[in-house]
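These protein sequence lines are chains A and B, in that order.
Quick note: to get our numbering, add 8 to the position in the first sequence (first position is 1).
Quick note: to get our numbering, add 8 to the position in the second sequence (first position is 1).
Treat each hint with caution, since some may be false.
To be verified - Sample of chain A residues facing chain B (criterion: CB under 7 Å; computed from the structure):
#1 I447
#2 G474
#3 A498
#4 R507
Claimed, not checked - Listed next, the in silico BS3-like pairs over lysine-lysine satisfying Cα-Cα at most 30 Å (straight line):
#5 A:K532 <-> B:K56
#6 B:K478 <-> A:K413
#7 A:K273 <-> A:K532
#8 B:K560 <-> A:K339
#9 A:K521 <-> B:K521
Said to hold, decoys possible - Which residues of chain A face chain B? A few of them, derived with a C-beta cut under 7 Å, are:
#10 D41
#11 N44
#12 R48
#13 Q129
#14 A160
#15 E162
#16 T166
#17 R325
#18 G443
#19 A454
#20 A533
#21 L565
Please keep in mind that the hints were generated in silico from the structure rather than gathered at the bench.
Glycine included, C-beta positions come from ideal geometry on N, C-alpha and C.
So the chains spell out like this:
Protein chains: 2
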Amino acid sequence: MSNLISYPSSEKIYVEGRLHNIRVGMRRVLLTDTVNIVDRQRIVEHNKPVALYDTSGHYSDPAVDTDIRKGLQRIREPWITARNDSEQLRAFSSQYGNERLEDSSLDAIRFPVRNMPRRAQEGKRVSQMYYAQQGVITQEMEYVAIRENQLAEELGITTHITPEFVRQEVAAGKAVIPANINHPEAEPMIIGAGFLVKINTNIGNSSLSSGIDEEVEKAIQSCKWGGDTLMDLSTGKHIHETREWIIRNTPVPVGTVPLYQALEKVNGNIANLSWDIYRDTLVEQCEQGVDYFTIHAGLLKAHLPMAARRVTGIVSRGGSIIANWMKIHNKENFFYTHFEDICRILSQYDVAVSLGDGLRPGSTADANDAAQLAELYVLGELTRKAWEHHVQVLIEGPGHVPMHKIRANMDEQLRHCHGAPFYTLGPLVTDIAPGYDHITSAIGAAQIAWYGTAMICYVTPKEHLGLPDKEDVRAGVVAYKIAAHAADLAKGHPAASVRDNALSKARFDFRWKDQFNLSLDPEKALEYYRIGNLNDASDHCTMCGPHFCAMKLSKELVTTEQCIL
Amino acid sequence: MSNLISYPSSEKIYVEGRLHNIRVGMRRVLLTDTVNIVDRQRIVEHNKPVALYDTSGHYSDPAVDTDIRKGLQRIREPWITARNDSEQLRAFSSQYGNERLEDSSLDAIRFPVRNMPRRAQEGKRVSQMYYAQQGVITQEMEYVAIRENQLAEELGITTHITPEFVRQEVAAGKAVIPANINHPEAEPMIIGAGFLVKINTNIGNSSLSSGIDEEVEKAIQSCKWGGDTLMDLSTGKHIHETREWIIRNTPVPVGTVPLYQALEKVNGNIANLSWDIYRDTLVEQCEQGVDYFTIHAGLLKAHLPMAARRVTGIVSRGGSIIANWMKIHNKENFFYTHFEDICRILSQYDVAVSLGDGLRPGSTADANDAAQLAELYVLGELTRKAWEHHVQVLIEGPGHVPMHKIRANMDEQLRHCHGAPFYTLGPLVTDIAPGYDHITSAIGAAQIAWYGTAMICYVTPKEHLGLPDKEDVRAGVVAYKIAAHAADLAKGHPAASVRDNALSKARFDFRWKDQFNLSLDPEKALEYYRIGNLNDASDHCTMCGPHFCAMKLSKELVTTEQCIL
C-alpha cells in the first residue's frame with residue numbers, strides 16, 4: 009500500500025475515457041451532512057462529495073504500491089508504443105550519458121532501474137502538436153479534458169473543455185501538453201489560457217547544498233500540495249543521477265534548464281561552453297525524459313548594452329551565462345543560431361521548449377524596459393520556427409513588475425507570440441520583502457494569470473536568500489495554488505467555484521472538518537484550529553467565542569433554534 | 009533608554025515643522041558604499057541613507073524612556089490645549105466607566121495612571137475636518153504632510169503632499185486624520201486615497217483567550233512591523249481595562265467596535281441591548297481616547313431577507329448582533345435611528361466614524377450581492393449626515409470577493425459615498441485557503457488599494473481558525489505592508505520607489521546587510537539567509553553557488569573584473 013501522500017476524508021477515484029482506454033485519477037472529498045433544527049424539526053441535508061484536480065498520482069492511491077527505488081508505473085508506455093511511430097533504442101545517444109552509466113563509482117547513487125530510451129522513427133513526428141494538427145485526439149488529449157472538468161457534469165455544469173477543444177488548442181499552439189515519450193510515468197496535463205491555471209515548482213540542489221533523497225522528497229511534496237509541473241534546477245554534483253531519480257518518481261511533467269548541466273560539464277568555465285557540449289546535453293536529457301527545456305534563445309548580442317543600463321542587470325541564471333559567453337567570444341547566442349537544430353532534436357522526443365526570458369527584470373525599476381521587450385519580440389519569432397518542427401512552445405515571462413505594468417506584459421506577449429502560452433515567474437510586485445516573496449509574487453501571479461497567463465512559476469519564502477527546503481516548497485506551492493485558483497475564479501472557469509462554495513457552506517454550518525478537508529492545506533488549517541480550541545467550539549466561530557460568533561448569530565436569523573451538532 | 013523596538017543600521021530622526029513647533033519621527037536606514045573594480049581601479053560610490061515612514065513611535069528612539077506602566081508621552085496635548093476649544097473634565101461622563109474606576113477589585117489590573125478626559129467646550133467643534141473647513145492647517149495636518157513625504161525633497165523628488173493639500177483633502181472628507189483629543193499619545197497619520205496606503209491591524213482577546221500583557225505586546229509588535237492603526241476587538245473580560253492599557257501605550261490611532269463592549273455589559277443577551285447602554289459605551293470610549301468607532305449603522309431591517317438567501321449569511325460580528333436585535337424587537341437598527349445622536353457625541357472628541365459593512369460577503373459566492381450593495385448605499389447617506397456634524401468618516405468594505413468583482417466595489421463606493429475613504433478587509437479572493445488567508449487577502453487588498461482604497465485591514469494566517477498570536481500579527485502586518493506598498497508603487501506615489509530601488513541596488517551589489525536592513529522584515533531575511541549560508545557568499549547569490557549566480561555574472565558584464573568586497 010502506498011501512503012506517501014494521503015488527504016483526510018478523501019478517496020482516490022478514476023474516471024474512464026470514452027474514446028480511449030484510459031483512467032484519469034482524481035481526489036474526491038467526502039462531506040458530512042448539514043443538520044439544522046427548524047421549528048423543532050431536525051432537517052438533514054446531504055452534501056455531495058467534491059471532486060478535485062489531483063497532482064499526486066499513484067502516491068495517494070492506497071491500492072497501488074509505490075517504491076522510490078523502482079519508480080512510478082509507466083502509464084503512458086502502452087499508448088506510446090501502440091502509435092508505432094517511435095522506436096526503443098539499444099543504447100543512449102548521448103556520449104556523456106553513456107559515460108555516466110558506465111562509471112562504477114556512481115553505482116551507489118544511480119537509480120536502480122535502467123529504462124532504455126525511445127525516439128521518433130526516422131521521418132516520423134511524435135509530438136502532441138503534430139497529432140493534433142493531423143486531427144488525432146490522443147489519449148493524452150482525452151485525459152486532460154476529463155481531468156480539467158473535475159466531474160463538473162455530475163453537478164450539472166457543462167464546460168467548454170472537450171477532447172476536441174483540447175485538440176484544437178494544442179494544434180493551434182495555444183496550449184501545450186508536455187509529454188516526452190521517455191517520461192511515461194507522468195500523468196498528462198495541459199497548459200493554456202483556455203484551461204485551469206497551472207503552477208510550476210522549482211527544486212534542485214546547488215554546489216552548496218542538498219542531496220538526491222532530499223530532492224526526491226521535495227518533488228513528492230510539490231505533487232502533494234498541488235504542483236502541476238516541476239523544474240529540476242540542480243547545478244551541483246550528480247545532476248544526471250539526481251534528475252533520473254526525480255523523473256522516474258514524478259507523476260507530473262519535469263522541466264530543466266539544460267545549460268546548467270552543460271556549464272557543469274565545463275567546470276563552470278563559460279568560455280568553454282560550446283554547441284557540441286550543449287547538443288549532447290539536450291540529447292542526454294531528452295532520452296532521460298525531461299518534458300520541457302528552458303532555452304534562452306531570445307537574448308541576442310544586440311541586447312547586451314540595454315541590460316547594462318539597468319538597476320539589476322541580468323538576473324536570469326541562464327541569461328547571464330549566455331550573455332557572458334557572447335561577450336567573451338563576441339559571437340551571437342548559439343541557442344539562437346542553432347535554434348533549428350535544437351528543434352530537430354526536441355521534435356524526436358516531444359520535448360516542449362520554454363523560451364526563457366534571460367532579460368526578465370530583476371527589480372521593479374527594470375520592469376517592461378527596452379531590453380525585456382526586445383527579447384520578447386525575438387521569442388515570438390522563435391515560436392514560429394519551433395512550430396514548423398511541431399515543437400510545442402511556452403513563453404517565459406517576468407520577474408519583478410509593479411502592478412500597473414503587469415497588464416502590458418500580457419498584452420505584449422499576446423501581440424508578439426502568436427498565442428503560445430505564457431509562463432511567468434510571479435511577477436513580484438515590489439522589491440522590499442525578502443523572506444516573504446512567495447506573497448509578493450503571488451499578488452502579481454494572481455493578476456497576470458487572470459489576464460491570461462497559463463502557468464505561474466512559484467516563488468518560495470527563501471527566494472533571493474537561499475534554496476528552499478521541504479517546508480518552503482509547501483509554502484510556495486500553497487501560495488501559488490491560491491493565486492492560480494483566484495485566477496480561475498476571476499476568469500469564470502465554470503467549475504472553479506464548486507470547491508469554494510462547498511467550503512463556505514461547511515464553514516457556515518460549523519462543519520469544521522469538512523471545511524479543513526476541502527482546503528488547500530488541511531493539515532495547517534487543523535493545526536491552527538487546535539491551537540485556539542482547547543474548548544469545544546463546534547457551534548461557534550473559534551475567533552470570537554459564543555456570544556460574538558457572527559455565523560452562529562446569522563444562522564439563528566434563519567433557523568428558529570440553535571443548531572445542535 | 010527604550011529598546012522595545014529596534015531596527016538594524018537605522019537611526020531615529022526627527023523632521024521639524026515650518027508652520028508649527030512639531031517634530032516628525034522617521035527611521036533612516038544607513039547604507040554602506042558600493043565598491044566596484046573597473047579597469048583595476050577601485051570605484052567607490054556613496055549610497056545615501058533612506059528615510060522610511062515609521063510607525064514605531066518613541067519605542068524605537070533610544071533617547072526616550074518608555075515605560076508600559078506610565079504610557080507614552082502625550083505629544084499632542086500642548087497642541088490641543090493651546091486651541092482653547094476643549095476643556096478638561098473633573099469626572100468621566102460614563103456611568104459604567106466611573107463604576108469600573110471605583111471598583112477596587114480591579115486595582116491589580118488597572119492602568120496605573122489616570123488621565124482626566126477632555127471634551128469640546130459647549131458650542132465648539134474640535135474635529136480636524138472642522139478646522140480644515142475653517143482654513144486652518146493644524147499641527148496634525150503639517151505633521152502628516154511631512155510624514156508622508158519621507159524626506160523625498162532631499163532626493164530631489166517633489167510630491168503633491170503639502171500641508172495645504174492635506175487641509176483640502178480633510179476639509180472635503182476625502183481624507184481622515186483620526187485624532188481623538190483624549191489620545192494625545194498617538195502620532196498623527198492620514199487615511200485617504202491621495203496618500204500612502206495604510207494598514208490596520210486587529211488585536212483583542214475573546215472570552216476564550218489572551219490577557220492584557222499579551223494584547224499590549226501585540227499592539228507594540230503591530231507598530232514595530234508597520235501597522236498604521238490598530239483596532240482593539242476585545243470581547244472577553246476587562247475590556248475597559250485592556251483598552252486603557254492599549255491606548256496609553258500605542259503611538260498609532262486606536263479603533264474599536266463599541267457594540268462588543270455594550271453586548272458584554274448585558275452578558276451577551278442581545279435582546280437587552282439598548283440605545284442607553286450603547287450611548288454610555290460611546291461616551292466611555294470617547295473619553296478613554298478611542299480614535300475611530302466601527303458602527304454598523306447601514307444595515308437596515310429591510311436588508312435582512314436579502315442576507316438570509318446567502319451562502320454564508322452575515323459574517324460581520326457587529327452586523328449579526330444588530331441584525332438579531334432588529335429581529336427580536338422587530339425594530340429598525342438603533343444605530344441608524346440614533347445616528348445624529350451618535351454624531352453629536354463623536355464630534356465632541358473628534359472621534360471618526362468607520363461605517364461598518366455588516367453585510368460584507370463572507371464567501372466569494374455572496375460577493376457584490378444585493379444585500380451588500382443595499383447597505384453601501386445607506387453608508388453613503390450616513391456619510392453626509394456625519395459630515396454635517398464635522399465628524400470624519402471612513403467607509404468599510406469587504407470581505408470575500410473574487411478578483412473580477414473587486415473593481416466594482418471601488419466604483420460603487422466612489423459613486424455613492426461622496427469621496428469618503430474606503431477601508432476594506434482584504435478582500436479574500438478565494439475561500440479555499442484557511443491557514444493562509446493573509447495571502448489570499450493580500451492579493452485582493454493590493455488590487456483594491458491600487459484602485460483607490462485608502463486603508464486595508466490585515467488578515468492573519470489564523471483568520472477563520474483562531475485568534476492571532478504575536479507571530480501571526482507579524483505575518484499579517486508584513487503581508488499587508490507588501491500589499492500597501494505594491495499599491496503605492498502602482499498608484500505612482502512619487503517617493504514610493506525609493507526604497508525598492510535602494511534595496512535592488514544593494515542586492516545587485518551583494519551588499520547583503522543593506523538589502524536586509526531595507527527590507528520589511530530584516531530579521532526574517534537574515535534568518536533565512538543564514539540557514540543557507542554556512543559558507544561565505546558575499547560575492548554571489550546564495551541560491552545558486554558562484555558559477556550560477558546571475559547577478560555576479562551580470563556584474564562582470566559591466567565591470568571588467570570581479571568586484572571584491
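Tested hints:
no., hint, verdict
1, I447, "5 Å, holds"
2, G474, "2 Å, holds"
3, A498, "4 Å, holds"
4, R507, "5 Å, holds"
5, A:K532 <-> B:K56, "43 Å, violated"
6, B:K478 <-> A:K413, "35 Å, violated"
7, A:K273 <-> A:K532, "42 Å, violated"
8, B:K560 <-> A:K339, "21 Å, holds"
9, A:K521 <-> B:K521, "44 Å, violated"
10, D41, "17 Å, violated"
11, N44, "12 Å, violated"
12, R48, "19 Å, violated"
13, Q129, "37 Å, violated"
14, A160, "16 Å, violated"
15, E162, "19 Å, violated"
16, T166, "19 Å, violated"
17, R325, "5 Å, holds"
18, G443, "4 Å, holds"
19, A454, "5 Å, holds"
20, A533, "4 Å, holds"
21, L565, "6 Å, holds"
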